[in-house]
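Asks: Sequences listed follow chains G and U, in order.
Note that the numbering used here numbers the first sequence so that position 5 is 5, with each residue one more than the last.
Note that the numbering used here numbers the second sequence so that position 303 is 303, with each residue one more than the last.
Just so you know, the hints here were simulated from the structure itself, not pulled from any lab data.
Errors might be hidden in some of the hints.
Said to hold, decoys possible - Cross-link-like lysine-lysine pairs, in silico, BS3-like; alpha carbons within 30 Å at most:
{"hint": "1", "chain 1": "U", "residue 1": "K107", "chain 2": "U", "residue 2": "K10"}
{"hint": "2", "chain 1": "U", "residue 1": "K275", "chain 2": "G", "residue 2": "K10"}
{"hint": "3", "chain 1": "U", "residue 1": "K275", "chain 2": "G", "residue 2": "K290"}
{"hint": "4", "chain 1": "U", "residue 1": "K280", "chain 2": "G", "residue 2": "K275"}
Stated by the list, open to error - Short, incomplete list of chain U residues facing chain G, as computed with Cβ under 7 Å:
{"hint": "5", "residue": "A246"}
{"hint": "6", "residue": "G252"}
{"hint": "7", "residue": "R254"}
{"hint": "8", "residue": "M256"}
{"hint": "9", "residue": "A297"}
Note that the coordinates shown come from a computational prediction; the quantities given were computed from them, not determined experimentally.
Yeah, the Cβ is synthetic: ideal placement off N, Cα and C, and Gly gets one too.
2 protein chains.
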Amino acid sequence: MGEDILKGLKDRDPRGIARAISLVEENDPLTDRILSSLDDSLVDSALVLGITGPPGAGKSTLTDRIISRYRSQGRRVGVVAIDPTSPISGGAILGDRIRMMGHALDKDVIVRSMATRGRLGGLCAAAGAAVRIFAGSGCSVVIIETVGVGQSEMDIVRLADITVLVLAPGLGDDIQAMKAGLLEVADIVAVNKSDLEGAETLAMDIETIARGSTGDVEHPAKVCMTVASEGKGLDDLLQAIETVEAAHRKSGERRMRRDRAYDLEVLDWAVEMMKPSIIKRIESTDHDRKGDPRLLASKLLEQE
Amino acid sequence: MGEDILKGLKDRDPRGIARAISLVEENDPLTDRILSSLDDSLVDSALVLGITGPPGAGKSTLTDRIISRYRSQGRRVGVVAIDPTSPISGGAILGDRIRMMGHALDKDVIVRSMATRGRLGGLCAAAGAAVRIFAGSGCSVVIIETVGVGQSEMDIVRLADITVLVLAPGLGDDIQAMKAGLLEVADIVAVNKSDLEGAETLAMDIETIARGSTGDVEHPAKVCMTVASEGKGLDDLLQAIETVEAAHRKSGERRMRRDRAYDLEVLDWAVEMMKPSIIKRIESTDHDRKGDPRLLASKLLEQE
Numbered sequence: 001m002g003e004d005i006l007k008g009l010k011d012r013d014p015r016g017i018a019r020a021i022s023l024v025e026e027n028d029p030l031t032d033r034i035l036s037s038l039d040d041s042l043v044d045s046a047l048v049l050g051i052t053g054p055p056g057a058g059k060s061t062l063t064d065r066i067i068s069r070y071r072s073q074g075r076r077v078g079v080v081a082i083d084p085t086s087p088i089s090g091g092a093i094l095g096d097r098i099r100m101m102g103h104a105l106d107k108d109v110i111v112r113s114m115a116t117r118g119r120l121g122g123l124c125a126a127a128g129a130a131v132r133i134f135a136g137s138g139c140s141v142v143i144i145e146t147v148g149v150g151q152s153e154m155d156i157v158r159l160a161d162i163t164v165l166v167l168a169p170g171l172g173d174d175i176q177a178m179k180a181g182l183l184e185v186a187d188i189v190a191v192n193k194s195d196l197e198g199a200e201t202l203a204m205d206i207e208t209i210a211r212g213s214t215g216d217v218e219h220p221a222k223v224c225m226t227v228a229s230e231g232k233g234l235d236d237l238l239q240a241i242e243t244v245e246a247a248h249r250k251s252g253e254r255r256m257r258r259d260r261a262y263d264l265e266v267l268d269w270a271v272e273m274m275k276p277s278i279i280k281r282i283e284s285t286d287h288d289r290k291g292d293p294r295l296l297a298s299k300l301l302e303q304e
Numbered sequence: 001m002g003e004d005i006l007k008g009l010k011d012r013d014p015r016g017i018a019r020a021i022s023l024v025e026e027n028d029p030l031t032d033r034i035l036s037s038l039d040d041s042l043v044d045s046a047l048v049l050g051i052t053g054p055p056g057a058g059k060s061t062l063t064d065r066i067i068s069r070y071r072s073q074g075r076r077v078g079v080v081a082i083d084p085t086s087p088i089s090g091g092a093i094l095g096d097r098i099r100m101m102g103h104a105l106d107k108d109v110i111v112r113s114m115a116t117r118g119r120l121g122g123l124c125a126a127a128g129a130a131v132r133i134f135a136g137s138g139c140s141v142v143i144i145e146t147v148g149v150g151q152s153e154m155d156i157v158r159l160a161d162i163t164v165l166v167l168a169p170g171l172g173d174d175i176q177a178m179k180a181g182l183l184e185v186a187d188i189v190a191v192n193k194s195d196l197e198g199a200e201t202l203a204m205d206i207e208t209i210a211r212g213s214t215g216d217v218e219h220p221a222k223v224c225m226t227v228a229s230e231g232k233g234l235d236d237l238l239q240a241i242e243t244v245e246a247a248h249r250k251s252g253e254r255r256m257r258r259d260r261a262y263d264l265e266v267l268d269w270a271v272e273m274m275k276p277s278i279i280k281r282i283e284s285t286d287h288d289r290k291g292d293p294r295l296l297a298s299k300l301l302e303q304e
């Protein structure tokens, strides 16, 4: 079976690619062979695009449109869709993903959902591996789509070369309150549903926050107005992505982000590898679960 | 300075409590002394209440009302508010917290915000320590409020004895899609803003999902209709919390959850303690950041 999957991956077959990602996610013994088999130069040259934003902003619809654009350029697209739902009640995942079904019959659009819950961790490692596998299998664009509200979801964005934050008017106070935090990760902000009331105000707010938060922002996020459901503003958005990518390549920012992402992945793998032995030690230690848990943690670590 | 803080904590002084939580969050050398100084029986007997839900559901307003109820019973309340925003642009935190300001002058309501971002991890350890410090300082109710969308935020809920999921009608498709995942962590669902259209349908949906998701649900989440802004439905909600707590104490579920939470905290502390040495190894290793990051992680771990 192992050889089949490695062959499928080598042949860049969509099913082989999907299967390889699953195996790595399950930390299968084949993991290292899969990850070592990838063409580094392809991984290095792909565009890794993060698309994030709060629920209700229209991320999936926008992602769908972006995919269409890259497809019309003849590029193969891989999508890692991080789902803030559990694998147990998987219906929720489908619900959200259904919007990407416009590409369901296109073998050059490969969508892979990853649940954030129901796992002990290692989401960064698993998502990073999926990006590698997609890119190494000829996807010259890899999109990481994630709900930008939680910690791990935001960390995932660090795997991207460029991040598009999707916002929309009228999302309520809570979302408004998060805006500043969300803006820190954005290279480009898509003010989606820009035909709705409040879009101009939102765009101005973003400009103010983006320029003002640290005082010395050299490259504040570029704002694009979009109406994803009607395909409006996509030219602008794609152009902005291209411009930012070119600038980052020139300035060395892209290399810096890639290196940081690589180190994050290594750290995440290392932590995942160590957890089972720690859990074993916790379980096999006679403790009454009272008092300082930190003290118990240090004692357990001394038992090498 | 150390003795002052330990004395402040012993005297159950709000400022001493807040300072102690900060020190633990910063992993100060005093951490173990702080955590060891707490009265285990107080920690054990406190009610740890998780309040979670998507943005826009009205969590903060409902939390505010719940606090008032417990205060009217003469109970001291500690609140750990997990903020999905960055500590850098701290304005966002204030924005959301402002709704709890009704208790700003009450020295028996102590609110502590924790940012999920801008830290390498250890949120579970830090939040667990805050719960311990609050409970050990005489807060017989400790509330953990968190936006239930991200992975780590949902994990935090595992620190609670009982979890209230706050939902509201009209939150959009994305939130609706998350409902099933969110329901898995809930003991009680507050359908807030229940004066709005769609509240009854939402409540019925929840009943259906709660009963249907695994087939053998022994205790499906109890649904309460609330209008937090008007204080409606609070009697019911508080009653539901009391009923569930009594049932969990009787069945042993409470003990089981506490034990699980304790082990999670130990694991989180252990991981945090090991990370610096792994990061050091990553940084001091000569690597070209190409190829399989998992392989590099295993190599680094072998260098003991």
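Asks: Looking back at the numbered hints, which does the structure fail to meet, lowest number first?
Replies: Structure breaks hints 2, 5, 6, 7 and 8.
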